[in-house]
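*Asks:* The residues making up each chain are set out below.
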Amino acid sequence: MHELRHVTSINDLTVDEIETIFSVAGDYLRNLRDPNLPHRIGRSVTDASGAILATLFYEPSTRTRLSFETAMIRLGGKSISSADPATSSAAKGESLADTVRVASNYADMLVIRHPRDGAAKLASCYASVPVVNAGDGAHEHPTQTLCDLFTLRQEGKNLKHMNVAISGDLKGSRTIHSFVYALARFGANIMLMPAKGMEMPEHVHWRLRNELNCFAVPRARYEKDNASVDALYMTADRPHQLSLISDAEIKPRKNIDAMYVTRFQKERWAGKPQEYPTIDQRFLKDKKFSRTSLLHPLPRVGELDIALDTDRRAAYFRQAAYGVPIRMALISMLLGFAREKRLQKFAGGFMPEKYEVYVGSEPGVLACVNENCIVHDAMEGKYAPQRFQLVAPHRLRCFYCESDIAEFVVANRKTRHFSIDAEMPRNERDVVFFASPETAMAAGYSAAKRRRKAANA
Amino acid sequence: MHELRHVTSINDLTVDEIETIFSVAGDYLRNLRDPNLPHRIGRSVTDASGAILATLFYEPSTRTRLSFETAMIRLGGKSISSADPATSSAAKGESLADTVRVASNYADMLVIRHPRDGAAKLASCYASVPVVNAGDGAHEHPTQTLCDLFTLRQEGKNLKHMNVAISGDLKGSRTIHSFVYALARFGANIMLMPAKGMEMPEHVHWRLRNELNCFAVPRARYEKDNASVDALYMTADRPHQLSLISDAEIKPRKNIDAMYVTRFQKERWAGKPQEYPTIDQRFLKDKKFSRTSLLHPLPRVGELDIALDTDRRAAYFRQAAYGVPIRMALISMLLGFAREKRLQKFAGGFMPEKYEVYVGSEPGVLACVNENCIVHDAMEGKYAPQRFQLVAPHRLRCFYCESDIAEFVVANRKTRHFSIDAEMPRNERDVVFFASPETAMAAGYSAAKRRRKAANA
Amino acid sequence: MHELRHVTSINDLTVDEIETIFSVAGDYLRNLRDPNLPHRIGRSVTDASGAILATLFYEPSTRTRLSFETAMIRLGGKSISSADPATSSAAKGESLADTVRVASNYADMLVIRHPRDGAAKLASCYASVPVVNAGDGAHEHPTQTLCDLFTLRQEGKNLKHMNVAISGDLKGSRTIHSFVYALARFGANIMLMPAKGMEMPEHVHWRLRNELNCFAVPRARYEKDNASVDALYMTADRPHQLSLISDAEIKPRKNIDAMYVTRFQKERWAGKPQEYPTIDQRFLKDKKFSRTSLLHPLPRVGELDIALDTDRRAAYFRQAAYGVPIRMALISMLLGFAREKRLQKFAGGFMPEKYEVYVGSEPGVLACVNENCIVHDAMEGKYAPQRFQLVAPHRLRCFYCESDIAEFVVANRKTRHFSIDAEMPRNERDVVFFASPETAMAAGYSAAKRRRKAANA
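Protein chains in written order, with our numbering: chain A, 1 to 457; chain B, 1 to 457; chain C, 1 to 457.
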């Protein structure tokens with residue numbers, strides 16, 4: 001019996017595992033393209049014969065759902081699909097947790113798309129088969145990132161030290177969040193070019209700097225050349241190398257190896273943007289873009305000029321095509337078909353569960369600050385108790401959506417005292433978090449006076 | 001060529017046939033769970049290789065549709081699906097009757113869900129392949145009942161003399177109607193605990209008492225202990241045994257072997273209920289619930305506390321899982337794959353067509369009293385002439401939705417007279433029914449005076 | 001590597017190819033009906049094993065989508081489906097062109113239904129696998145026509161010189177347009193019986209007369225007997241035979257071999273018709289209908305009396321059933337499974353690309369006069385530059401929807417002059433069309449005065 005594995009974040013996969021996925025995907029791709037096969041029909045393999053994939057989609061999709069189903073067919077398996085919330089049990093008011101428990105009895109793997117951040121993580125808590133996140137709110141879309149990186153490899157890029165510019169809605173786009181984590185881990189340099197008001201969330205910046213070995217290049221170093229760049233991250237070769245690098249050494253290469261364009265994620269915003277960057281031939285005429293691979297997760301809605309479709313730099317349709325072999329590889333490895341390459345020795349992925357987890361259930365307890373987090377859904381929230389990881393002395397991370405909270409107070413269930421210094425009680429069971437001293441006091445806790453005195457002494 | 005079989009009611013299957021389905025389902029279940037198979041993927045069989053199942057769903061569903069499709073895949077067959085009325089020919093105004101005739105040419109079996117009572121029966125009149133009812137309005141949901149009974153067996157219950165309490169919306173829930181018929185036929189005792197205003201329809205009570213060998217326990221016998229019980233039925237061991245039993249002998253066992261909970265069927269009601277029973281640990285703390293199997297057809301929307309999910313009595317997720325092997329068995333038997341166990345010698349099921357059928361088509365003729373019956377659908381009704389079975393001297397049953405009519409007058413097409421005594425004309429073709437003397441007179445019939453005189457004499 | 005073939009119009013197939021499709025379909029049909037097979041399950045073949053069909057449906061459908069999927073299953077292949085625009089990428093604003101390019105990487109054949117005329121043709125411009133039109137707006141529905149003709153053959157009709165009456169919405173019904181082109185090419189005689197205000201579009205009439213070898217029978221010849229007939233076309237045995245036939249020789253046979261009924265296409269019209277012809281037993285009581293095959297593409301919504309369902313002339317349910325073997329044959333031939341019968345030597349179909357194509361992209365250029373043409377869709381139009389074929393000296397045809405334009409002016413990009421005589425510049429690249437002299441002048445062109453002078457001289 002192998003360990004149950006889920007892929008709800010790109011960080012659930014180690015770099016080695018991603019490399020293995022690329023290797024297996026490459027094999028499948030060669031098979032699909034075999035010129036000896038008649039009439040361009042890909043030769044299906046039979047690795048997944050007898051296996052069933054369930055696609056549970058609570059948000060519109062064509063590409064992702066069909067590419068998963070195609071991958072399953074090409075592997076010799078089958079799919080069952082719930083593509084429309086309005087015609088599914090969700091219309092009757094069924095929770096994701098219940099749906100997932102039931103579907104675990106039908107299918108051998110679940111692929112889930114949901115409008116709420118953290119939905120896939122919640123699903124993985126209740127599933128008895130592997131859960132793959134096919135996009136959860138504005139959180140992550142890890143299989144898209146696998147396609148993106150694989151595309152760059154196929155386009156001949158060296159992921160390490162590669163310069164990648166990312167343009168558009170960096171706040172609402174889940175593909176971007178998975179992508180930058182992966183870029184950082186593979187050692188790429190990242191230039192963020194957000195649309196106005198759609199900057200990368202603060203907690204993603206924090207992770208790049210504090211967990212993913214990136215250092216921000218001071219604005220003065222690049223401002224002149226790249227007025228539209230909001231932030232530039234260089235990936236250090238070694239952890240803690242950052243402090244060793246002098247300002248003079250920072251020379252971001254001018255050549256842009258890849259430009260990743262993303263659409264305005266209208267489903268995540270209330271209104272329409274006043275302006276949104278459009279990438280066209282004029283934008284790309286500068287010499288630094290002469291060998292740039294153009295990527296886009298698609299669909300596009302105007303931000304990427306269709307006149308570029310015949311440009312040799314346009315890689316986005318190849319990128320979409322790679323979705324099939326990449327997902328074949330992921331399915332195959334998660335279900336253990338390629339026995340020697342199965343994803344079974346996983347010990348927590350890139351980001352091992354090194355942080356302590358705190359579960360809150362009492363009234364007034366701290367709630368995730370992300371309003372779109374699954375915990376705030378009236379129905380789903382009942383199945384999702386508040387859970388946090390302490391990722392730094394003054395920083396809590398929501399277990400589901402991975403948003404961070406920097407402002408909170410720690411209290412002790414036993415002593416009924418709270419500390420504004422985030423001092424943790426010794427016994428994990430005694431820990432409880434509140435949003436502020438006021439909410440702690442409202443819940444019957446008082447400030448830990450003794451320690452304050454000690455500090456004053 | 002075997003006889004065409006449909007399953008639109010649980011009563012289309014004999015008790016022996018249901019036992020055979022359980023036996024075949026048990027074999028499939030062992031196969032699905034075979035620990036020698038890699039990575040928990042069920043070993044598919046190839047019984048249905050080359051066969052196609054069509055799921056025609058006019059109402060939301062995830063569980064039922066996906067479990068049928070999964071069953072078909074596990075049998076080696078394929079499915080075609082029309083899951084959304086808005087994107088199907090129904091949006092263009094096509095009738096169920098026409099859809100079914102066309103789909104009969106595509107698929108080898110049709111599974112139908114529809115908001116109207118009696119829709120599956122109507123479909124079966126036009127299909128040239130087996131029709132399985134996956135829920136028609138508030139009428140029946142026979143395959144759910146097969147899962148329910150199979151679950152109770154797997155939980156170690158003896159269906160005979162078992163005490164089953166049923167809580168919730170007993171009027172709108174089709175699963176309940178199929179369930180109580182089956183319970184009565186297997187010899188279980190039934191405690192009805194309806195939400196206020198959602199009592200079991202009168203015609204279901206009537207069938208339990210008059211056709212299904214049940215006798216109602218006088219209220220005084222159980223009222224004290226079970227204030228929330230609306231009616232209690234004991235199943236007699238032999239037909240007509242009822243009159244032999246003295247009041248003193250009636251001792252409903254106190255232990256509840258199974259508690260069946262059902263949600264408020266919001267799609268069958270105009271408003272929301274003011275109160276609705278919730279089953280939680282507090283409710284189940286009484287000793288009589290200590291070995292109760294908790295069942296729920298799912299989805300649940302609050303009436304079954306999620307805190308019970310880890311309770312050993314909770315059987316509802318296993319119940320959902322059994323949907324696959326049960327449906328595999330039913331498909332296999334209906335299509336005659338398990339040759340020695342095929343459902344081909346069927347002579348009318350449990351309730352043989354022993355009642356005479358009357359078809360009405362002239363203006364003013366009696367119409368089914370159930371407003372949600374398929375005959376009242378503006379489009380479908382054109383394909384559904386009024387048809388009744390005379391199930392008792394003063395009782396007509398709608399052929400489609402199986403609602404009963406106790407108030408009507410019988411008229412004679414030849415003599416143009418009607419009788420309020422429900423006296424039937426000798427020649428079946430002369431029979432015509434009216435709702436009242438007034439409607440009969442409006443249609444040009446007059447009271448049968450001679451007979452009245454005879455009565456006066 | 002065989003040439004990529006699409007079927008967006010019935011005219012993409014030669015008569016010989018259609019005959020081959022019928023022959024292959026007949027073989028499949030015998031297989032499906034083989035009485036030695038158990039329990040009426042059609043024996044699936046394995047021709048398409050490993051192949052994937054994608055159904056991309058932007059309009060409601062049950063019959064067409066399910067018959068394609070069934071055909072693929074019976075061939076041993078698989079399908080992936082996007083049946084609901086609201087749950088697909090289209091909901092996010094993705095263009096058909098992009099969707100088709102992506103889906104070409106998943107599937108081996110695309111089947112497309114779309115509310116816009118010409119959508120399938122647009123799709124075929126971007127697909128790298130065969131595209132089959134499953135209905136595009138009011139334009140064409142070629143696979144339905146294959147079923148229709150095959151049905152007539154199976155009903156024992158000789159397509160040549162057969163008399164076919166066509167009743168209903170001849171303007172909005174795409175099935176009718178494909179059907180009349182095919183009838184004309186097979187040598188049938190066509191009686192048009194449109195609902196009032198729903199006459200056949202003028203450009204279809206024009207094609208029948210000018211490209212499809214038909215001649216219109218003068219109204220006086222048939223008016224007396226067939227008051228409801230709007231137009232009657234006889235197909236000449238040889239091209240240019242028309243002028244050789246004297247009025248006296250025209251004797252349309254009175255017997256109607258087939259009556260094709262079609263519903264009011266409500267999705268193509270703003271309101272409801274005041275009257276619409278209904279075909280019932282009364283209508284068909286005349287002797288000339290005694291051996292008429294009744295056809296209807298279904299769904300029907302009242303225009304074909306259900307009382308006819310048991311009439312021996314009713315062929316419409318058999319017609320629906322033939323959808324499976326016909327589509328099996330088409331798929332098989334397009335994908336080249338029946339190697340000796342593959343559709344690969346196609347040189348442009350019945351209507352070879354003998355007309356010159358002009359592409360317009362500058363401002364003010366002539367636009368297709370059909371408001372429902374795909375070029376007028378705000379999103380799709382960006383991918384569909386105005387393209388016309390010059391089919392006669394004063395007649396342009398839209399490349400996508402095949403509507404004709406008779407009023408336009410030709411201009412010369414080089415000389416910046418335009419001609420109201422539709423005189424074409426020598427160099428194809430210099431040609432540009434305008435709707436009127438005014439729009440040409442607004443775009444900076446002036447009338448070609450010199451030639452006028454020459455004409456005056």
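Please keep in mind that the hints were generated in silico from the structure rather than gathered at the bench.
One should not assume that every hint holds.
[Stated by the list, open to error] Far from chain C, by Cβ distances over 10 Å, these chain B residues were calculated:
#: 1; residue: Ser82
#: 2; residue: Asp84
#: 3; residue: Glu94
#: 4; residue: Val102
#: 5; residue: Ala231
#: 6; residue: Pro273
#: 7; residue: Phe289
#: 8; residue: Ala307
#: 9; residue: Ile405
#: 10; residue: Arg413
[Claimed, not checked] Short, incomplete list of chain A residues facing chain C, as computed with Cβ under 8 Å:
#: 11; residue: Ile73
#: 12; residue: Pro299
#: 13; residue: His376
[Stated by the list, open to error] Dumping the calculated BS3-like pairs for lysine-lysine here, alpha-carbon to alpha-carbon at most 27 Å:
#: 14; chain 1: B; residue 1: Lys382; chain 2: C; residue 2: Lys285
#: 15; chain 1: C; residue 1: Lys414; chain 2: B; residue 2: Lys382
#: 16; chain 1: C; residue 1: Lys266; chain 2: B; residue 2: Lys382
#: 17; chain 1: A; residue 1: Lys382; chain 2: B; residue 2: Lys285
#: 18; chain 1: A; residue 1: Lys272; chain 2: A; residue 2: Lys157
Here a beta-carbon is modelled for each residue, glycine too, at the ideal position from N, C-alpha and C.
*Asks:* None of the hints should be skipped; say for each whether it holds.
*Replies:* Evaluation of the provided hints:
With a least beta-carbon separation of about 5 Å from chain C, Ser82(B) fails to lie farther than 10 Å from that chain, contradicting its non-interface assignment. Here Asp84(B) does not stay apart from chain C, with its beta-carbon only about 6 Å from theirs, under the 10 Å limit. The claim that Glu94(B) lies off the interface is violated: its Cβ sits roughly 3 Å from the closest Cβ of chain C, which falls inside the 10 Å cut-off. Remark: the non-interface label on Val102(B) conflicts with the geometry, its nearest Cβ contact in chain C lying 4 Å away (cut-off 10 Å).
The claim that Ala231(B) is not at the interface with chain C holds, since no C-beta of that chain comes within 10 Å of its own (minimum 43 Å). Distance check for Pro273(B) against chain C: the nearest CB is about 31 Å away, which clears 10 Å, and the non-interface claim stands. Listed as outside the interface, Phe289(B) is consistent with that label: its C-beta sits roughly 43 Å from the nearest C-beta of chain C, beyond the 10 Å cut-off. Every C-beta of chain C lies more than 10 Å from that of Ala307(B), the closest at about 34 Å, which supports listing it as non-interface.
Look at Ile405(B): its CB is around 26 Å from the nearest CB on chain C, clear of 10 Å, so calling it non-interface holds up. Listed as outside the interface, Arg413(B) is consistent with that label: its C-beta sits roughly 21 Å from the nearest C-beta of chain C, beyond the 10 Å cut-off. At about 5 Å, the closest approach between the beta carbon of Ile73(A) and any beta carbon in chain C falls short of 8 Å, and the interface hint on this residue holds. Of the supplied interface hints, the one on Pro299(A) holds, with its beta-carbon coming within about 3 Å of a beta-carbon of chain C, less than 8 Å.
The beta carbon of His376(A) comes no nearer than 24 Å to any beta carbon in chain C, farther than 8 Å, and the hint placing it at the interface is violated. Annotation: proposed proximity of Lys382(B) to Lys285(C) holds, straight-line Cα distance about 23 Å (limit 27 Å). Only pairs whose Cα atoms come within 27 Å are accepted, and Lys414(C) paired with Lys382(B) is rejected, the gap being roughly 67 Å. Of the pairs offered as hints, the one joining Lys266(C) and Lys382(B) holds, with about 21 Å between alpha carbons and a cut-off of 27 Å not exceeded.
Pair hint Lys382(A) plus Lys285(B) holds up; C-alpha atoms about 23 Å apart against a cutoff of 27 Å. For the proposed pair Lys272(A) and Lys157(A), the alpha carbon gap of about 35 Å is over 27 Å, so the pair is violated.
In summary, the structure is inconsistent with hints 1, 2, 3, 4, 13, 15 and 18 from the numbered list given earlier, while agreeing with the others.
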